[in-house]
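Each chain is listed here by its residues.
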Amino acid sequence: MIAIVDYGAGNLNSVKKAFDYLGAEVVVTDHVEVIGEADRIVLPGVGHFSSLRALQGSGLRGALLQAIAAGKPFLGICLGMQWLFEGSDECAEVAGAGIFPGMCRKFPTSVKSPHVGWNSLTLRPGSPLWRGIAQGSFVYYTHSFHAPVLTETSAASEYGLRFSGAVDRGELFGVQFHPEKSGEVGLAMLKNFCEV
Amino acid sequence: MLTKRIIACLDMNGGRVVKGVRFENLRDAGDPAECAREHARQGADEIVLLDITATSGKRQTLLQAVRATARSLFVPFTVGGGIRQVEDAAAVFEAGADKIAINSAAVREPELIGKIAGRFGSQAVVVAIDAKKVNRSFEVFVASGREATGLNAVQWAREAAACGAGEILLTSMDRDGTKSGFDCGLVREVAEAVSIPVIASGGAGSARDFIEVFREGRADAALAASIFHFGIENIAQLKSELRAADIPVRWPC
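As given, the protein sequences belong to chains A and X, one line each in that order.
If you're matching positions, the first sequence starts at 18 in my numbering and goes up one per residue.
If you're matching positions, the second sequence starts at 807 in my numbering and goes up one per residue.
Any given hint might turn out to be false.
To be verified - The calculated lysine-lysine pairs, modelled on DSS-like cross-linking and capped at a C-alpha distance of 30 Å, are:
1) X:Lys985 - X:Lys939
2) X:Lys921 - X:Lys938
3) X:Lys921 - X:Lys864
4) A:Lys129 - X:Lys921
5) A:Lys123 - X:Lys921
6) X:Lys938 - X:Lys985
7) A:Lys34 - X:Lys921
8) A:Lys89 - A:Lys208
9) A:Lys34 - X:Lys864
10) A:Lys34 - A:Lys208
11) X:Lys938 - X:Lys864
12) A:Lys129 - X:Lys939
13) A:Lys34 - A:Lys89
14) A:Lys129 - X:Lys938
Stated by the list, open to error - If you want a taste of the chain X side facing chain A, the calculated C-beta under 8 Å gives, among others:
15) Met807
16) Leu808
17) Ala846
18) Asp851
19) Arg877
20) Ser878
21) Val881
22) Pro882
23) Gly902
24) Gly972
25) Ile1002
26) Glu1022
27) Asp1026
What the hints assert, rightly or not - Chain X is nowhere near these chain A residues, computed Cβ spacing over 12 Å in every case:
28) Val51
29) Asp56
30) Gln73
31) Ala87
32) Glu103
33) Ala109
34) Ala112
35) Ala114
36) Gly143
37) Pro165
38) Glu175
39) Glu188
40) Asn209
Just so you know, these hints were derived from the structure itself, not from any lab.
Here a beta-carbon is modelled for each residue, glycine too, at the ideal position from N, C-alpha and C.
Using the sequences provided together with the hints, build the complete structure.
Right, dumping it as structure tokens:
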């Protein structure tokens, strides 16, 4: 069973819908116990980094960190990926998980912000999420802040600069784009996550 | 590289997709869920569903259509038509939309933009502007183009962005339904005035029109309805022509 973590931010329907379409067993939950019992965890998120504050008071933060430490497959989407970093300039007083080093920053003023639309991925081959995905595939982004490129960067995109489109370490995955809105390519990535 | 988006718009009346010129001579173009899926399959980067139903009972019909469409659509999905308050937007999101488009209600109450953005994020709020050339500038019209507002389109776009809009959907009323090309002058003025993406609408007739609106109009995305519904322009074919003109598009799609 896949647990989609509901911390009161934005619209989780589209993520659930995509897993439903793939035939995965999925629940949307804000219960620590359900997260503990799940085989896989998805942390979605759209909107402002400050909405991640809700993870702190509720015990969800601890439950997620514990699941990640135990090696449970985990996928952070958009804000959910940014949470894996130390934090974001968008709301410096809310701490990220700090699993990956660095802060999420604004795009340079040379480009329009937010970055909205379909952009191509430079994939680092070998990540289980990219099984069957072609180099240079397009995915849908919508965000104003970006994560830095690291050794754990498994896909990068360019928009005014090069940033992390995806990161991974073992069973832990983060994607800045929206696989649930990225057509067949995105569905294939989600299916790969179900099979990790 | 970020690509230019091709957006297919479905105008819906009483639960069916329709197409006419300036809301007249409506012709049936099919079931919204099927139309949306077919356009996505052909390569549309995004789908917009606009409810133009004027009769009562509209809300439930719209929500049903949104639910049915969203179930098997995995590209961004925007819904507009008759959203007047935060609760209307919430119901449409609950039914499966990713973004809502607001037009008249945003002009009447600009704070509505911030209220919806505050709850669902700016990326989920598209402010639709219908503009018409009056003398030398562009004036904003509401109520499906029937009511002049006295607002300047460029200034209103700036204000909407400042209120928290995530994108501007800009329709030229002079060009809408004419297939005589986008109004590149209007699009460029607005695109240069705001930092959020601008979707050009009204006038699409050929691949050349899209090339012009991306080059001269500086549009981030372009929307069309009728040329896609009746197979006048196949989206994959359109994209291959854009590629040949060095306009970056999602490909293969």
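Hints versus structure:
no. : hint                : in the structure
1   : X:Lys985 - X:Lys939 : holds, 17 Å
2   : X:Lys921 - X:Lys938 : holds, 28 Å
3   : X:Lys921 - X:Lys864 : holds, 23 Å
4   : A:Lys129 - X:Lys921 : holds, 23 Å
5   : A:Lys123 - X:Lys921 : holds, 24 Å
6   : X:Lys938 - X:Lys985 : holds, 16 Å
7   : A:Lys34 - X:Lys921  : holds, 26 Å
8   : A:Lys89 - A:Lys208  : holds, 16 Å
9   : A:Lys34 - X:Lys864  : holds, 25 Å
10  : A:Lys34 - A:Lys208  : holds, 13 Å
11  : X:Lys938 - X:Lys864 : holds, 28 Å
12  : A:Lys129 - X:Lys939 : holds, 27 Å
13  : A:Lys34 - A:Lys89   : holds, 22 Å
14  : A:Lys129 - X:Lys938 : holds, 26 Å
15  : Met807              : holds, 6 Å
16  : Leu808              : holds, 5 Å
17  : Ala846              : holds, 7 Å
18  : Asp851              : holds, 6 Å
19  : Arg877              : holds, 7 Å
20  : Ser878              : holds, 7 Å
21  : Val881              : holds, 5 Å
22  : Pro882              : holds, 5 Å
23  : Gly902              : holds, 6 Å
24  : Gly972              : holds, 7 Å
25  : Ile1002             : holds, 7 Å
26  : Glu1022             : violated, 17 Å
27  : Asp1026             : holds, 7 Å
28  : Val51               : holds, 21 Å
29  : Asp56               : holds, 23 Å
30  : Gln73               : holds, 20 Å
31  : Ala87               : holds, 31 Å
32  : Glu103              : holds, 22 Å
33  : Ala109              : holds, 19 Å
34  : Ala112              : holds, 21 Å
35  : Ala114              : holds, 21 Å
36  : Gly143              : holds, 23 Å
37  : Pro165              : holds, 19 Å
38  : Glu175              : violated, 6 Å
39  : Glu188              : holds, 24 Å
40  : Asn209              : holds, 15 Å
This entry does not satisfy hints 26 and 38, going by the numbered hints stated previously.
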